[in-house]
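Trainee: For reference, the chains in residue letters:
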Amino acid sequence: MTVATTQHESSLAPPSPSGDQRAIGGAPWVVRCLLISVAVVFLSIMIVLPLAAVLFEAFRSGLPTFIRALRSPDAVAAVRLTAITTAIVLPLNVLFGVAAAWSIAKFEWRGKTIFTTLIDLPFTVSPVIAGMSFVLLFGARGWFGPWLASMDIKIIFALPGIVLATAFVTVPFVARELIPLMESQTGQEEEAALSLGASGWSTFFRITLPNIKWGLIYGCILCAARSIGEFGAVSVVSGHIGGQTETVPLHVETLFGEYKFGAAASLSTLLIAFTLFTVVIRHLLQSRKLLARSGHI
Amino acid sequence: MRTSRTNILPGFGLATGYAITYLGLLVLIPLAAVVAMASSRGLDGLWESMTNRRSLTAYRLSVFSALAAATVNAFFGVVIAWVIVRYRFPGRKIVDALIDLPLALPTAVAGIALTAVYSKEAWLGSLLDRMGITVAYTNLGVAVAMVLVSLPFTVRTVQPVIEDLDQEIEEAAASLGATSGTTFRRVIFPALLPALLTGFALSFAKSVGEYGSIIFISSNIPGSTEIAPLLIMTRLEEFNYPGAAGVAVGLLILSLSLLLVVNTLQAWMRRGARA
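Order-wise, the sequence lines are chains F and X. Yeah, the first sequence ends on 1235 if you go by the working numbering, and it's all consecutive. Yeah, the second sequence ends on 278 if you go by the working numbering, and it's all consecutive.
In isolation and in its complexed conformation, chain F is listed as follows:
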């Protein structure tokens, strides 16, 4: 679902020549104020307030309690599991994203449109269905269940299952950043390099990669953010075994269910911090025009 807008470099629209507050035909001042207020109040209630409530809950009993919540053995195990999962999922999906973008942006082939649409499939599929599909394949009663059991391989209720579920839901992220980016770049530099005798790989690493650098970086950050925060899909495959197969979001749920709201909020603060990091980076990259603000999410 990408709107391939080439050269779409506008940051926010510049004021019209006559001064934006008095543009010809613009809405009267009162209407503007009303609209701005509506927008700000809506966002404050919908987004700012909930996050503030979590932070408040996290630090309500003071900093030492906050830190203690983060250092509990189960929390540490959850962070470690989340980190390992993301470390595995990220390169896999980056590889896919680059390959898919190269194939889609630089070549014409039959079925390309269908393939491009299919890449967006994980985006529209409920995370629970994603997780469930792997349970159906690899669970104890799944297609491969008996075979896996006989080989003593655990996929569901173990790391491999969590990796698969997380990879499923984060597949589109890098690809969706790279495809419009590479589509808007002509292949001329690559073609020039090739005609000068460079090998395919050399061309890729020394010309293509630097050109897509920022899109790639941002895609990685998005992929990592989603992978860290994924809940529904992992919830299905993980088995929720505290200290072993709980990722950070899953552990937050467990704490919440045990009425340990402070601890749940403390762990959530970690996640919120990473989310804010993602948002800030996006804005930095976009305001420096390193990232085109195109029509896709």
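Careful, some of the hints might be misleading.
Stated by the list, open to error - Straight-line distance between alpha carbons at most 30 Å, and here's what the computed BS3-like set of lysine-lysine pairs gives:
hint, chain 1, residue 1, chain 2, residue 2
1, X, K96, F, K1227
2, X, K96, F, K1198
3, F, K1151, F, K1050
4, F, K1227, F, K1151
5, F, K1151, X, K96
Stated by the list, open to error - Only some residues are given here: those of chain F computed to face chain X with a beta carbon under 10 Å:
hint, residue
6, R970
7, I1005
8, I1057
The hints are simulated quantities; they were obtained by calculation from the structure and are not laboratory data. Note that the structure is a prediction, hence the values are computed from the model and not measured. All residues carry an ideal CB built from backbone N, CA and C; glycine is no exception.
Chain F is already provided as a structure; the job is to place chain X on it using the hints.
Mentor: Okay, now just chain X, sitting in the frame of chain F:
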């Protein structure tokens, strides 16, 4: 047009082969397994798991809440996008950045955050309670959660279109005597419509399958406040795999349809942009 035969760029086979294989193994085959499991008791079994009373109630809740949420987001999304693009006010850049938050925010965090705000003991929750509005543990809470997680979809789809609007046309309309209301109705809104519909569809698609942010604020009572993804989860835990897959197939059909709708809309948008 460069075809793979005349293109001198290398790597077509490798890139395409790898990409298709990866997607096939990771995404397509698992989803096929869902469909296969759903049909394992035959078409009758599939129909039963999709249309029994509990499934229908769950579908109804998920779909109608998602529709409501998408509508709310369509309205506020346009307002927010418009305000960000066209007006200057302190904190505008922060507002612009805020929109991205729900996208990157883990759904579990969104879930407990909403509970922290709307439960009866909380500031806003008690305020609303005195007005007779209960959000936590009701279907209203489900809709609120959906609004939160799918808001960025409408704003970010409409925003580039507003940025691209040719203000000269609006100024021309004004110089011909149109009020700003008329200008909006007849000049701006039609230009926004494809993007708005796309945003609506994306918002809806995201909301209907949403799980993590909803289960905290919903009371999750089977047969009344149980969303479809939760029903799938429950069936899985009962080892009723065909039942779970049946409900899932309903959602998958919805997903695929929405995917097609969105792609068509975006093709329409692209054609409009070129015009």
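Trainee: A separate judgement is required for each hint: does it hold in the structure or not?
Mentor: Going through the hints against the structure:
1. Among the hinted pairs, K96/X with K1227/F is consistent with the structure: their alpha-carbon atoms are about 15 Å apart, no more than 30 Å.
2. A distance of roughly 36 Å separates the Cα atoms of K96/X and K1198/F; the hinted pair therefore is violated under the 30 Å criterion.
3. As the CA atoms of K1151/F and K1050/F are separated by approximately 24 Å, the hinted pair is consistent with the 30 Å bound.
4. Between K1227/F and K1151/F the CA atoms are separated by roughly 13 Å; this keeps the pair inside 30 Å, and the hint holds.
5. A hinted pair counts as satisfied when its Cα atoms are at most 30 Å apart, and K1151/F with K96/X qualifies at roughly 25 Å.
6. The beta carbon of R970/F comes within 6 Å of a beta carbon in chain X, closer than 10 Å, and the hint placing it at the interface holds.
7. Interface restraint check: I1005/F against chain X, minimum CB-CB distance 19 Å, threshold 10 Å, status violated.
8. A least Cβ separation of about 7 Å between I1057/F and chain X falls short of the 10 Å threshold, and the interface hint therefore holds.
Violated hints for the displayed structure, listed by number in ascending order: 2, 7.
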